[in-house]
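Novice: Sequence:
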Amino acid sequence: MTSFQQSSKAQTNPTAPPPCLPPSFGLDKATGKKCYMLGARRLSIAWANTPRYWRWKRVPESRFSEVAELKEVWWLDVKGTIETKILSPNTTYVAYLVYKFSSSRYGFEKKPVDLHVELGESDAGRTFRIFLDPSANIPQFSREREDGWMEVKLGEFFNEHGDDGKATCSLREVDNYTLKKGLIIEGIDIRPKDSR
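Mapping the sequence shown onto full-length UniProt numbering, position 48 (from 1) lands on 48, and the numbers just tick up by one.
Source of the hints: derived by calculation from the structure; they are not laboratory data.
All C-beta atoms, glycine included, are put in the ideal place defined by N, C-alpha and C.
Treat each hint with caution, since some may be false.
[Stated by the list, open to error] Cut-off 30 Å, straight-line C-alpha distance, at most; resulting in silico cross-link-like pairs (DSS-like, lysine-lysine):
hint: 1; residue 1: 85; residue 2: 111
hint: 2; residue 1: 79; residue 2: 110
hint: 3; residue 1: 153; residue 2: 71
hint: 4; residue 1: 57; residue 2: 166
hint: 5; residue 1: 57; residue 2: 71
hint: 6; residue 1: 110; residue 2: 181
hint: 7; residue 1: 193; residue 2: 100
hint: 8; residue 1: 100; residue 2: 111
hint: 9; residue 1: 85; residue 2: 153
hint: 10; residue 1: 85; residue 2: 181
hint: 11; residue 1: 34; residue 2: 110
hint: 12; residue 1: 34; residue 2: 193
hint: 13; residue 1: 29; residue 2: 85
hint: 14; residue 1: 71; residue 2: 34
hint: 15; residue 1: 71; residue 2: 111
hint: 16; residue 1: 34; residue 2: 181
hint: 17; residue 1: 33; residue 2: 79
hint: 18; residue 1: 85; residue 2: 33
hint: 19; residue 1: 29; residue 2: 100
hint: 20; residue 1: 34; residue 2: 79
hint: 21; residue 1: 79; residue 2: 111
hint: 22; residue 1: 71; residue 2: 29
hint: 23; residue 1: 57; residue 2: 34
hint: 24; residue 1: 153; residue 2: 34
hint: 25; residue 1: 110; residue 2: 33
hint: 26; residue 1: 111; residue 2: 29
hint: 27; residue 1: 71; residue 2: 181
hint: 28; residue 1: 181; residue 2: 33
hint: 29; residue 1: 57; residue 2: 181
hint: 30; residue 1: 100; residue 2: 57
hint: 31; residue 1: 79; residue 2: 153
hint: 32; residue 1: 57; residue 2: 153
[To be verified] Label pairs and their computed distance ranges (CB to CB):
hint: 33; residue 1: 104; residue 2: 194; range: 32 to 40 Å
hint: 34; residue 1: 61; residue 2: 153; range: 15 to 23 Å
hint: 35; residue 1: 51; residue 2: 89; range: 37 to 45 Å
hint: 36; residue 1: 146; residue 2: 85; range: 27 to 35 Å
hint: 37; residue 1: 163; residue 2: 55; range: 37 to 45 Å
hint: 38; residue 1: 174; residue 2: 90; range: 29 to 37 Å
hint: 39; residue 1: 126; residue 2: 86; range: 36 to 44 Å
hint: 40; residue 1: 103; residue 2: 28; range: 14 to 22 Å
Input sequences plus hints: build the corresponding full structure.
Specialist: Laid out in structure tokens, this is it:
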């Protein structure tokens with residue numbers, strides 16, 4: 001996407017990421033393949049710029065200047081998009097939501113969220129439904145990372161030649177109208193499947 005296309009998209013979509021914020025780039029130690037992390041400011045988060053629902057704040061343990069903290073919503077919709085041409089070819093990638101909870105979290109133990117990754121315009125992808133904050137009798141799908149944040153797998157995709165356009169990763173809970181709060185989003189980490 002060109003700077004002009006990004007700028008035009010940001011004008012028509014107020015939740016679109018600013019064009020000046022590149023994703024965090026790295027190389028996987030085990031494979032030498034490209035890894036990217038989309039910080040919270042690069043994500044499309046419904047109502048992210050409405051102070052009643054979300055707050056942007058600095059967190060010392062984050063690699064980004066700001067993270068998004070959910071104050072209160074009924075409808076949760078978070079998406080991250082990356083151009084496949086900047087990823088390593090012939091590689092299966094896994095996308096992870098990187099997050100924490102505040103001490104005042106609520107609602108994520110009551111209703112599951114939908115996790116989804118799709119590649120290009122025509123790929124329907126596969127949706128997973130999990131609890132981000134499960135009670136003791138529900139399986140745990142998230143894990144703690146070395147940096148202290150939690151991560152949960154959104155899904156995976158195969159990047160053959162990098163000509164599939166975009167990979168879109170999403171987290172949604174829009175069906176049950178359960179009040180949710182206390183989710184802190186650092187971003188979406190996209191890395192080769194067999195890394196770490």
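Novice: For every hint, state whether the structure bears it out.
Specialist: Structure-based check of each hint:
Between the alpha carbons of residue 85 and residue 111 the distance comes to roughly 36 Å, so the proposed pair goes past 30 Å and is violated. About 22 Å separates the Cα atoms of residue 79 and residue 110, which keeps this hinted pair within 30 Å; it holds. At most 30 Å may separate the alpha-carbon atoms for a hinted pair to count; residue 153 and residue 71 meet this at roughly 23 Å. Pair hint residue 57 plus residue 166 holds up; C-alpha atoms about 28 Å apart against a cutoff of 30 Å.
Straight-line distance between C-alpha atoms of residue 57 and residue 71 comes to about 12 Å, which keeps the hinted pair within the 30 Å bound. For the proposed pair residue 110 and residue 181, the alpha carbon gap of about 12 Å is at most 30 Å, so the pair holds. As the CA atoms of residue 193 and residue 100 are separated by approximately 22 Å, the hinted pair is consistent with the 30 Å bound. With a CA separation close to 17 Å, the supplied pair residue 100 and residue 111 stays within the 30 Å bound.
With a C-alpha separation of about 22 Å, the suggested pairing of residue 85 with residue 153 holds against the 30 Å cut-off. A distance of roughly 36 Å separates the Cα atoms of residue 85 and residue 181; the hinted pair therefore is violated under the 30 Å criterion. Distance hint between residue 34 and residue 110 is unfulfilled; the C-alpha atoms sit about 37 Å from each other, more than 30 Å. A distance of roughly 11 Å separates the Cα atoms of residue 34 and residue 193; the hinted pair therefore holds under the 30 Å criterion.
Only pairs whose Cα atoms come within 30 Å are accepted, and residue 29 paired with residue 85 is accepted, the gap being roughly 21 Å. With a C-alpha separation of about 34 Å, the suggested pair residue 71 and residue 34 falls outside the 30 Å cut-off, and the hint is violated. Distance check on the hinted pair: residue 71 and residue 111 sit about 17 Å apart at the alpha-carbon level, within 30 Å; holds. With a CA separation close to 33 Å, the supplied pair residue 34 and residue 181 exceeds the 30 Å bound.
Of the supplied pair hints, the one linking residue 33 and residue 79 holds, its CA atoms being roughly 23 Å apart against a limit of 30 Å. For the proposed pair residue 85 and residue 33, the alpha carbon gap of about 13 Å is at most 30 Å, so the pair holds. Between residue 29 and residue 100, the direct Cα distance comes to roughly 25 Å. Compliance with the 30 Å bound is thereby established for this hinted pair. For the suggested pair residue 34 and residue 79, the alpha carbons sit about 21 Å apart, so the restraint of at most 30 Å is met.
For a cut-off of 30 Å, the pair hint linking residue 79 to residue 111 stands: about 19 Å separates their Cα positions. For the proposed pair residue 71 and residue 29, the alpha carbon gap of about 37 Å is over 30 Å, so the pair is violated. Distance hint between residue 57 and residue 34 is fulfilled; the C-alpha atoms sit about 28 Å from each other, no more than 30 Å. With a CA separation close to 18 Å, the supplied pair residue 153 and residue 34 stays within the 30 Å bound.
For the hint linking residue 110 to residue 33, the alpha-carbon distance of about 38 Å lies beyond 30 Å, and the restraint is violated. Proposed proximity of residue 111 and residue 29 is contradicted: the alpha carbons are some 37 Å apart, above 30 Å. Our distance criterion of 30 Å between C-alpha atoms is met by residue 71 and residue 181, whose separation comes to about 5 Å. For the given pair, residue 181 sits about 36 Å from residue 33 by alpha-carbon distance, which is inconsistent with the 30 Å threshold.
Annotation: proposed proximity of residue 57 to residue 181 holds, straight-line Cα distance about 15 Å (limit 30 Å). For the proposed pair residue 100 and residue 57, the alpha carbon gap of about 13 Å is at most 30 Å, so the pair holds. Of the supplied pair hints, the one linking residue 79 and residue 153 holds, its CA atoms being roughly 14 Å apart against a limit of 30 Å. With a C-alpha separation of about 24 Å, the suggested pair residue 57 and residue 153 falls inside the 30 Å cut-off, and the hint holds.
Evaluation of the 32 to 40 Å hint for residue 104 and residue 194 yields a pass: the beta carbon distance comes to about 37 Å. Range check, residue 61 to residue 153: Cβ separation about 21 Å, and the 15 to 23 Å hint holds. Checking the proposed 37 to 45 Å range against residue 51 and residue 89 shows it holds: the Cβ atoms sit about 42 Å from each other. At about 29 Å, the CB distance of residue 146 to residue 85 agrees with the hint of 27 to 35 Å.
For the pair residue 163 and residue 55, the beta carbons lie near 39 Å from each other, so the given range of 37 to 45 Å is met. Between residue 174 and residue 90 the Cβ separation comes to about 35 Å, which falls inside the hinted range of 29 to 37 Å. The beta-carbon spacing between residue 126 and residue 86, approximately 23 Å, falls outside the hinted interval of 36 to 44 Å. For the pair residue 103 and residue 28, the beta carbons lie near 34 Å from each other, so the given range of 14 to 22 Å is not met.
The structure is inconsistent with the numbered hints 1, 10, 11, 14, 16, 22, 25, 26, 28, 39, 40, although it conforms to all the rest.
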